[in-house]
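Let's have the full structure, built from the sequences with the hints guiding it.
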Amino acid sequence: MPSVAVKLYSVFFKFLLKQRLQSWIQDPIDESSNPYGVTTRPEESVSAPNPCFTDGVATKDIHIDPFTALCIRIFLPESSLSPPEQSHPKSHLRSSLLDPNSINHRRNSYAPSDTGTPRNDSRRSSLDGLNSRSDNNVYRGYSPQPQKCRKLPIMLQFHGGGWVSGSNESVANDFFCRRIAKLCDVIVVAVGYRLAPENKYPAAFDDGLKVLNWLGKQANLAECCKSMGSGARGVGAEFTKAEVQRHIVDAFGASMVEPWLAAHGDPSRFSAIDVFLAGDVICIACSLVYRFSAIDVFLAGDIMCIGCSSVYRSIRCVLLGVSCGANIADYVACKAIEAGKRLDPVKVVAQVLMYPFFIGSIPTKSETRLANSYFYDMPMCLLAWKLFLPKEKFILDHPAGNPLILDRSLKRMPPTLTIVAEHDWMRDRAIAYSEALRNVNVDAPVLEYKDAVHEFATLDMLLKTPQAQACAEDIAIWVKKYISFRGNELSY
6 MPSVAVKLYS VFFKFLLKQR LQSWIQDPID ESSNPYGVTT RPEESVSAPN
56 PCFTDGVATK DIHIDPFTAL CIRIFLPESS LSPPEQSHPK SHLRSSLLDP
106 NSINHRRNSY APSDTGTPRN DSRRSSLDGL NSRSDNNVYR GYSPQPQKCR
156 KLPIMLQFHG GGWVSGSNES VANDFFCRRI AKLCDVIVVA VGYRLAPENK
206 YPAAFDDGLK VLNWLGKQAN LAECCKSMGS GARGVGAEFT KAEVQRHIVD
256 AFGASMVEPW LAAHGDPSRF SAIDVFLAGD VICIACSLVY RFSAIDVFLA
306 GDIMCIGCSS VYRSIRCVLL GVSCGANIAD YVACKAIEAG KRLDPVKVVA
356 QVLMYPFFIG SIPTKSETRL ANSYFYDMPM CLLAWKLFLP KEKFILDHPA
406 GNPLILDRSL KRMPPTLTIV AEHDWMRDRA IAYSEALRNV NVDAPVLEYK
456 DAVHEFATLD MLLKTPQAQA CAEDIAIWVK KYISFRGNEL SY
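Numbering (my numbering), first residue to last: 6 to 497.
Don't take every hint at face value.
[As the list claims (entries may be wrong)] The calculated DSS-like cross-link candidates involving lysine-lysine, where the alpha carbons are at most 27 angstroms apart (straight line), are:
1) K486 to K469
2) K340 to K391
3) K370 to K215
4) K65 to K352
5) K391 to K370
6) K215 to K205
7) K23 to K396
8) K156 to K352
[Said to hold, decoys possible] Just the calculated beta-carbon pair ranges, DEER-fashion:
9) T373 to P450: 23 to 31 angstroms
10) V51 to K12: 40 to 48 angstroms
11) C57 to A10: 29 to 37 angstroms
12) P71 to N377: 42 to 50 angstroms
13) F17 to K346: 48 to 56 angstroms
What the hints contain is simulated information worked out from the structure, not anything from laboratory work.
Quick reminder that beta carbons are idealized off the backbone N, C-alpha and C, glycines included.
Take a look at the structure:
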């Protein structure tokens with residue numbers, strides 16, 4: 006059973022949230038009065054962005070849509086400063102996979118950083134070599150040097166809060182994303198979607214998809230910059246690659262290329278899921294057909310057509326959603342599948358649904374037995390759904406809340422890890438969705454945590470508990486199966 010402190014905090018938490026929800030129900034907000042939207046409530050405790058690697062992760066905020074409040078926070082782990090891996094011939098890499106010493110070395114590279122021994126790392130005490138642009142102390146943050154960059158996969162994270170609260174820059178979400186970035190060795194992009202009731206459905210879902218499209222745009226812009234820079238040097242032009250990047254600007258003259266993602270986002274390797282879904286690889290330029298095995302693609306990195314020299318790349322992207330954010334993540338994954346090649350080079354290779362905010366008209370056993378559970382009880386969540394869905398569209402079997410009611414095929418859904426808590430009334434519906442995915446041969450394991458409550462791994466007072474740490478580690482182990490090089494992935 007949860008501790009006495011958790012029970013007392015749950016009572017206080019529900020009292021405050023219920024008052025807020027009821028006030029919005031009694032005094033409805035005109036959605037047309039604030040089309041720009043709200044991503045953070047005034048009463049939310051927020052953490053300021055920190056572009057220095059003071060805690061092993063640097064962060065920065067970006068407002069990506071001038072017409073709405075949609076924003077993101079990028080979490081860049083310090084491991085991105087390691088020298089890039091040297092490229093080797095395919096034969097050498099294939100033989101290295103068979104070398105036990107090589108395998109052990111790569112597995113140890115994912116060991117936890119806190120080993121109990123002091124680290125002799127100059128980056129901890131100095132900003133030398135980081136190109137920190139610290140002239141006149143104007144800016145002490147990290148500015149990447151492209152020639153020293155390590156490429157990392159990208160994880161899109163959607164926070165929870167019952168559609169009406171929470172923030173991508175809250176203290177709790179900042180702590181959680183830092184933990185995930187370090188454990189998974191990924192760049193975490195936390196999405197600040199618009200909240201209800203100021204912006205009802207489908208605003209939050211549209212924001213999630215808009216960020217995924219923005220990532221694809223950034224990848225293409227970065228590749229364009231590289232091509233322009235290489236071409237300029239080839240003809241003896243006076244512009245360097247960094248100077249050429251400044252020439253891709255918007256209408257106001259601001260650079261359209263996000264430097265952290267351009268330098269460290271991984272645009273250069275296919276994942277195993279690409280091969281399993283595509284089979285043969287066909288060059289769209291000259292129509293030559295290639296047949297690759299999974300290990301060939303892992304070892305080859307970029308795929309180049311020998312007929313016309315076209316190079317094909319993909320960005321490995323993982324979706325992670327917390328509570329109602331899990332609903333957004335599942336929607337974005339579905340839309341990414343429908344979009345297909347239109348999202349290139351972004352490929353959603355996996356998703357993690359942490360205690361998803363599913364609901365339906367036919368009550369499950371957990372909804373009946375745990376309706377008055379901790380933190381987010383069922384009556385309070387119904388109020389949140391009424392504030393999120395337009396009045397004329399409010400039904401419990403709405404597609405935003407019940408994924409099993411949709412008339413869609415689940416066969417092409419990405420591998421899905423579902424996290425559920427024992428004392429959560431939403432658990433049975435999340436487990437049912439995972440079973441539906443497994444029935445069509447999608448890798449969809451379920452991890453249930455005993456004596457845990459809703460948001461046990463992301464709520465502010467529970468973030469430092471052993472269960473929260475164990476949950477983050479379990480997520481990292483599973484995610485690395487789909488984002489690691491062959492031989493680096495961990496068994497689960």
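Subject >> 27 angstroms Cα cutoff - pair K340, K391 >> reply: Satisfied, since the Cα-Cα distance of roughly 24 angstroms is no more than 27 angstroms.
Subject >> Distance restraint evaluation - C57, A10, Cβ atoms, bounds 29 to 37 angstroms >> reply: Holds, since C57 and A10 (Cβ atoms, about 34 angstroms apart) stay within the stated range.
Subject >> Range hint 42 to 50 angstroms (beta carbons of P71 and N377) holds or violated >> reply: Given a distance of about 44 angstroms, which is inside 42 to 50 angstroms, the answer is holds.
Original post:
Within 27 angstroms, alpha carbon to alpha carbon, are K65 and K352?
Top reply: holds, 24 angstroms
Original post:
Can the restraint linking K370 and K215 be considered satisfied, given a maximum Cα separation of 27 angstroms?
Top reply: Violated, because 36 angstroms separates the two Cα atoms, which is more than 27 angstroms.
Original post:
Falls inside 48 to 56 angstroms, the C-beta gap from F17 to K346?
Top reply: holds, 50 angstroms
**OP:** State, for the Cβ atoms of V51 and K12, whether the hinted interval 40 to 48 angstroms holds or is violated.
**Re:** violated, 27 angstroms
Original post:
Taking only the CA atoms, is the gap from K391 to K370 under or equal to 27 angstroms?
Top reply: holds, 23 angstroms
**OP:** Take the C-alpha atoms of K215 and K205, compute the straight-line distance between them, and say whether it is at most 27 angstroms.
**Re:** holds, 16 angstroms
Original post:
Going straight from one Cα to the other, do K156 and K352 come out at no more than 27 angstroms?
Top reply: Holds. K156 to K352 sits at ~16 angstroms (cutoff 27 angstroms).
Original post:
Are the Cα atoms of K23 and K396 separated by 27 angstroms or less?
Top reply: This hinted pair holds, its Cα atoms lying about 19 angstroms apart.
Original post:
Given the proposed pairing of K486 with K469, does the C-alpha separation stay at or below 27 angstroms?
Top reply: holds, 26 angstroms
In this structure, the earlier hints numbered 3 and 10 are contradicted, and the remaining ones agree with it.
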